[in-house]
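Taken in order, these protein sequences are the chains called A and B.
Under this note's numbering, the final residue of the first sequence carries the number 611; numbering is consecutive throughout.
Under this note's numbering, the final residue of the second sequence carries the number 651; numbering is consecutive throughout.
Don't take each hint at face value.
As the list claims (entries may be wrong) - Just some of the chain A residues that point at chain B, by a computed CB distance under 10 Å:
| no. | residue |
| --- | --- |
| 1 | L122 |
| 2 | A488 |
| 3 | M525 |
| 4 | T608 |
Since the hints were derived computationally from the structure, they do not count as laboratory data.
For each residue, glycine too, the CB sits at the ideal point set by N, CA and C.
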Amino acid sequence: MSAVLPLLDLLPAAGALGLLVAGRERGERIARPLGVAVAGLTTLLAVLATGAAVRTRGFALQVDTVWVRALGVHAHLGIDGISAPLVLLTAVLVLCGLVYTWRVLPEPGRARELVGLILVLESGALGTFTALDLLLFFVAFETVLVPMWFIVAVWGDPHDPVARRGAATTFILYTALGSAVMLAGLLLVGLRAGTFDMTALTAMHGAGLAAGTQVVAVLAIGLGLAVKTPMWPLHTWLPGAHTAAPTVGSVLLAGVLLKMGTYGLVRIVVPILPAGARAVFPWLGVLAVVGILHGALACLGQRDLKRLVAYSSVGHMGFVLFGIATLTPVGINGALYANVAHGVVTGLLFFLVGSLKDRFGSVELSRLGGLYATHPRIGGLLALAAVASLGLPGLVGFWGEMLALLGAYQAGTLGWRLLMVAAGAGAVLTTLYFLRMLRRVAQQPRDPLAGSVPPGGGPLDPRSDVTGFEVASFSPLVLATVVLGLAPWVLLGLTDPVVRLLTGGA
Amino acid sequence: MSAVLVVLLPALPFLAAVLALSVGRAAPRLVAPTVITGTALAWLAALGLLAGDISSGGANVSVAGPVVPTGGPRLGIDLHLDGLAAVVSFMVTTVALAVQVYSTGYLRHDGHARPGPRYPSYAALVAVFTAAMLLVVVADDLFVLIVGWEVMGACSYFLIGHHWEEEGARAAAVKAFVMTRIGDVGLLFGVFALGVGAGSFGIRDVTAAVLSGRMAASTLTAGGLLLLLGVVGKSAQFPLHSWLPDAMAGPTPVSALIHAATMVAAGVYLVARMDEVFLASSTTLVALALVAAITMLGAALAALAQPDLKRVLAWSTVSQLAYMLAALAAGSYVAAGFHLLTHAAFKALLFLCAGAVAHTVGSTLLADMGGLRRRMPLTASVMAVGLLALAGVPPLSGGFSKEAVLGAVEEAALGHSPLPAWAGWVLLLSALATVAVTAAYTTRAWLLAFEGPEAASRAASHGVPVYPPTDPPASMAGPMLLLAVPAALLGLAGLSGSWLPSWLGRGGPGETGVFAAAVEHTLSFGWVTTVASLLLVAVGAGGTFLAWRSAGRTDPALHLGRARALLTEGFRVDEVYQVTVVAAVQALRAVPAWVDRDVIDVYVQGSARTATALGRVLRVSQLGQVQVYIGMALAGATLVGLAAVVAR
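In isolation and in its complexed conformation, chain B is listed as follows (with noise of 0.2 Å):
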């Protein structure tokens, strides 16, 4: 029974989009319906998963499907679910089907009844990447996973670039999808590392070749890098993280699914899955941990100065992802798939509040919000939610699993964990710079759009027709309060240091073996990290409370001076890409051109003389070009005899 459970979890929500294409034209009504109905069906079999799994102390089903020949290593088209995946496939459905509901109202526009002529396509689009996102989550075959991971960015590539009309969407589809395609390729010889070393394509065979010590340390460490590369990629971390922010030109319930709450959050779940091979090795812990202490700072700051709501929240996620890592680096998986879980409900639930706004105000600048508060309260109360436990603050679901990341790092910085203690520093120290700042621009953002005075050029810069914003329709506050409740209430189960590790517990062999003392496998609290953070959300927020009343309810962010525009723009990390890596692509491409005309077909051209010649002296019709084959016929058979004697 739970076999045909892990099956459906991907297949309801895929038939479900093949259903709605082939009827999106004919009946444009029945879409809505077929594309809910699968969600909410795969949504039953993962609570009935996850039930089996809390009731069970750990789930453990797998599916054996074809085995595919290929030669090499082991490739089995094989799901696995355990504790980890159960948690995370009801996680996935739920903000999935909170975004196929709510996308039934944002999709449809003034005046109109129903949703405009895109829906179809899109809804499935939709469903397509929530059946992706949980193939990756129950894959048990590393290429199973690669499937799903690859299908969900080409969804998310059509999904950007929704408004194909607009030019920033077109060009941010292409940059999102090139960017994490560079870290796929790096993935993929990760995972012909792996596989190749342990004799398996097979996630657990892999793992337990890793605990095993079958294992060459060189092969672990090249896989492990390769598999980070992807990693970067995937979950926009530094240097390959730039394609996110970009991706918010996509509509926004795709941002709150895609780009907030899963595909990005599936490289977290990649490193959790294979935490054995990265704690096998130090340098790939080392590198981890760099590559989540820079982005979680940088990109914090880089939100403290955005003047786009979406943009805001889009740099958060890079900021927030590099948390997750920052705890796997550390060495608790428990702790990062806390954060996973908290931090898709509060992000969600944030970006479905920023497409209220948006579809209310017809613009996503915080300039063109303010005082908003008084106009729609229902967005302003759940989005203060969201925003709180965004900055950390308890009893809010952030505030807990925030807590637990610190932990984990102090943990680390103490020398209680594979990393090298002073990369746990490097990290602890980043970590709690970070929640000072993630403290100030969500006050900022919350003060921006909430507060102070109406945005007095609303009709004025967009020539629409202005109505005072209002609440969204209910088929957009519902999924809203729906995630509110895990946003508010999930960090509760951390209350107690064993029910989230029993229930994220894997069942596999990472619980057993070298690592079983490595690996954290309780929550840990420390009170100097709760106290020193708490400390720092307060000196973030009201800081910038003080900035924005002393400069009259104006962006708190003019502070900054002139660091603000390079905050803006991201650090200009794309400059730099852009004379560097684009620079000698546009250089590149002008050679094929020249090597076939002024090569190539130089010697070709000499041959087709020659050709020619012989032809007019073999010229025995008016056959024309049929001329040129006869002479290479009779070239040929020349040489034919000529092999014949020299054989013989």
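With the rest of the complex left out, here is chain A (with noise of 0.2 Å):
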């Protein structure tokens, strides 16, 4: 059973290396089905450990080798009740992102290269969500940047090869300034807590690390983070990103990206740096708060359906931000929940964009209208996403959203209790920006002046509803929207013991 982690991780970057050596012929030919293959398998694994954390009290199928003996550095592996739910999200993101790819190669084709940097990502992100060792979580982090960086920037928007150079050089910026800065406040805290294992480190609970160098750790590792989730105010990559990405792309940076940053804080913030965390989280959570207006604000503003949803992920993840600062059991239960729900519905609500764009070349939103009569599948699944999004109790978006501002309101202060009414008129806001989002794309009639028929101009058909690949790509989401919106024990039974534990001694 020990082998199931590491072939979990590897797996991915195995099918990868297979393309890279079947040479480009016959590599452009087997790619998709090979990455779906792969994918599919991973998803077996990923049901598989998730299935062991389950059953298993603390870390289930832990592996610990020596790595690089002269830096100290092991490879050491383990998955819990918060790492499980975010493997086996990333896994089914990517299996779906393949299925759509498989349909749809964005320009300029080149299947084999795109399948095998996303496989490459998928190691990378199954790694940082396994990873039980500092270094090793860190460079599991960096894996993912680079394949990110090409897909932004080769398979990208055709049609605005300048913005989407700039957005693909934003975010590298942005997230390798972010890195470089986290890795000196893990090797801070290494060298000063003597090991770079995060289960001994976790039962330290900052015992050995002074208050000073806690605060610094956590404002190096935490601006790392932050980047990445981002946290308001290094969030401006993120929407040229996500707007000038493929669909898969989006999807992966909304669904596993994000996610990325958020469980950092969680794994190795929270439990390792208690009484930094202490110290700085009251200013995560007005940031955070920010964020959830900033992000709904800006959607209100947005021409762009593409755009909307990027921006939304400001505001979604503001909340992720905001349960964490709490630093109750309740917030960052909530926390852990908002990020599996933004993973599953953004997930969601970039593959139906994509399905427009690839149908009608466009999502601006003046050149949209009239889904409900013109596709009411596509129609019907961008409704059911926009309610989730706004966090409609019964739909997985309401338990982490809720859960953050309780936490807020048990941690107590006047502080806390302002910001969480201030993050209640987000969620009010975002209810305002999704229906009037609906009410332009959905029900009001396309703007006779931007022509009575769709423009066409993406390798679909524009007249086509759903079809077959599309269901079997959106379906696990849609499934888990509905599931985990009305059985929401099933996640919070994995998250709250672990969260416990790591907020035990804090």
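Reconstruct the complex from the two isolated chains, following the hints.
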């Protein structure tokens, strides 16, 4: 059983290696089937690993071998209740994305390279979520960056190469800068505490680390993680990157990459640097709420559907950060729930935006309209995703954001309650912009000045409603949206024991 | 057995909706039988539970579901059915069943054998709505209640927007959802306060904590006022009331079910369910009483001037819901529950009649009606039952329940309730004035739609083929006749002062403890209020009739003069919102673009230039942008080295 995690982490990378070895012509031919097969197998392993995490108290399937003796870096892997949901989410989203890519290969083609990069990215993300060594975490975290940069820069929006390259550059600039500072913070912690092992560090609960050191380390590590999340005001890379990226890139950015930042905060900062977190996190709470309001107001002013969904991520991740910042078990449980919910729902929203873009060539709001009449199934799914995203109770988006707010209420002071009320206002604004979006895109007839027939110009027939491959790639997300909305105890039962452990000494 | 029925109550309509949606495209013929069967089975379950309640003098069935581990107060997926819940779920399923049957006729348009292409999603949404409302009724945990509460709101949004090709429907749908969501955020925070205060989100745990005095007074008041915000949004009370008249853009059967009988009554139900919280704080009670006093009279006056039959009924609903809240403020949840039940029957009936008229006339404007009594004798006679009940004329249902409300309010004014007496007097005066205005607007609606000359402009103004108006087909007439029975007779349940209290008995802690004396457990009819209100009905109705006849059988509202426009526009509250809240949001939405572009990105571009310069220095190959990454990694490594030195 102990081979499960190394296999899980390395299988996608091995698939990418296989494509490299296969050569250009053969690789091009087998890339998409191979990609789906590898992602499918990875998903099975992820299910297996999640099953083990459910049954085990503490970390399941641990592996610990010395990796770089000179630096004291261990290849220490394990999975528990807070990493398992993200491992499963990553595997499922990559699988859905590759199924979608099988039918719609973004320009300029080159399936072998695109699939290879996606698989490398998956390995990196799974490594991040299963790493129990600070430096291994960092290496895995960084592995994700470069493939995503290529995906945006090469396969991004073909209509606007300048914006695409600019977005890719901004993305790499922000995240690389953040990562460098984060590495400094991780080394500071590891060297001062004498170990890079996250289980050992968690057990110490900050003992042996002076408060000043902790504050510096929280600021350094937090900066790298906050860029990735993204936290206001470090978010300006996100709208551009999300908008320029091809569908599969947007889905993985939203569903996988953004999660790595908030996961890092819960896995590393909260338990290992409790004193530093207590000092710094009230400010994180303020910035999180600013992000919620900023994202919602920005969405009210958007003219492009994809950019709207991108900006909605700033608000949703603001709720995740808000929950963590409260440092209460409720808030952190809420943050982890909202993390998964955002991956599922925003992933679905980006898929649907991709469906529209691949039909009409553009998703400018002024050129869309009347989906309920012309494309009732896409319109219906868009409506479901929108009400899930605005946090309707009974769907997945509610529980996380509600618990984040409850965490702030429980934190008790007047300041936290004022922040809670401001975040609640953000929830109302979120309702407003999603309903306005539906009104424009799904209900209102298309503007006659924009032409009576949708322009086409994508690889799919502009008149077609949801097709078979789309059903295949969307249905896991639709199912998760409803099931996790009606049965919140499934996910909270996994995270709650771990969260109690992580906050126990804090 | 009872426990199974309680679970089936919300589950059956939900399953029917899922089934109807999945067969919707392949076999549209099966949609109507599916949803009607699901609703009928839920009705049977409710009937069984109601029988149990009446025979045992207060049902009490608990179902404990999974506990949700949040790390905070206890949150469990628990259901509980008591007398109040049993009676209300029977009402909900009855109206839902009537509306599902009626809809099969209503959504079938001239010459079509079957309902149109939007019928499957419509029927499924009505069924989901029914499930959500039943979940609210049987919830034993505040979060279970919130799930049902907001799913209802979403169904209401989609159904108001049923005619999404019309701008009015689109705008009304958004307005309804956003305005109620403002209240819902308040409700959520109120739930936080009460749940954290009690250590559990269980409804009976919270009320028990209130009764035992364990909860701080400040928590109680804050929690109660925040709950009230949610109630005000959902039950369309001042100041969050203005979405309901606009919601009439939805199909009329939806107005009957959601915007008259059930969803908007959920706010009243919530206050009744959490009665202990409200009664424990006089601040909350006074706030509740003032909201009710302002809303009941204001909305009745607005109803007096509406040119549209459905909008008359909508404003009337706002006003009648305020009656129920007035009874609750006065401390009598029995009177409130009584009026909730009779109102559900007569108002759903009135909407179904209005739908029958709209179906054949092709308009909901009163100006397009007139003289329909001779053309539609069946509709006219059941409509008369509904209007007389609404006006509060005994022995029809509303006559009794309205007297029960007035009786309770009179007790409060005399100082026999936890509500301060001055607030009781405000309520009583407002309620008596509303009685007269209610009689006036019901009389006006009847005269304009069913008496007088037929509208000459009917054909000209709408350009549709002129059919002489006729009574509706059996699929619509059946449900109307069904609802006419309780609309006429339900008031007789109030004949004995002890029947309703024992059926609505909650069997919970509210019956004992410090509130046993405060909470009115019998219906009281005061002879002073009864005589006064009968006189006021006669004045309101008679005055309207004389005004109508003296002005040549034209709209009696013309006599209102300049006030008429103000009343038609609902006191122009929406204009106030337009220039304050809406304008503020519109101004603020430009802020993020400015912040991102002109503040944050200035720094980013500055650092980008630095990085590019760094990259130029480090350029060893033609890797282009990768340069930047390598540069950053090197910068990182330098920092690492520094940190390592510092650390040693």
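Verification of the hints:
{"no.": "1", "hint": "L122", "result": "violated, 21 Å"}
{"no.": "2", "hint": "A488", "result": "holds, 7 Å"}
{"no.": "3", "hint": "M525", "result": "holds, 7 Å"}
{"no.": "4", "hint": "T608", "result": "holds, 8 Å"}
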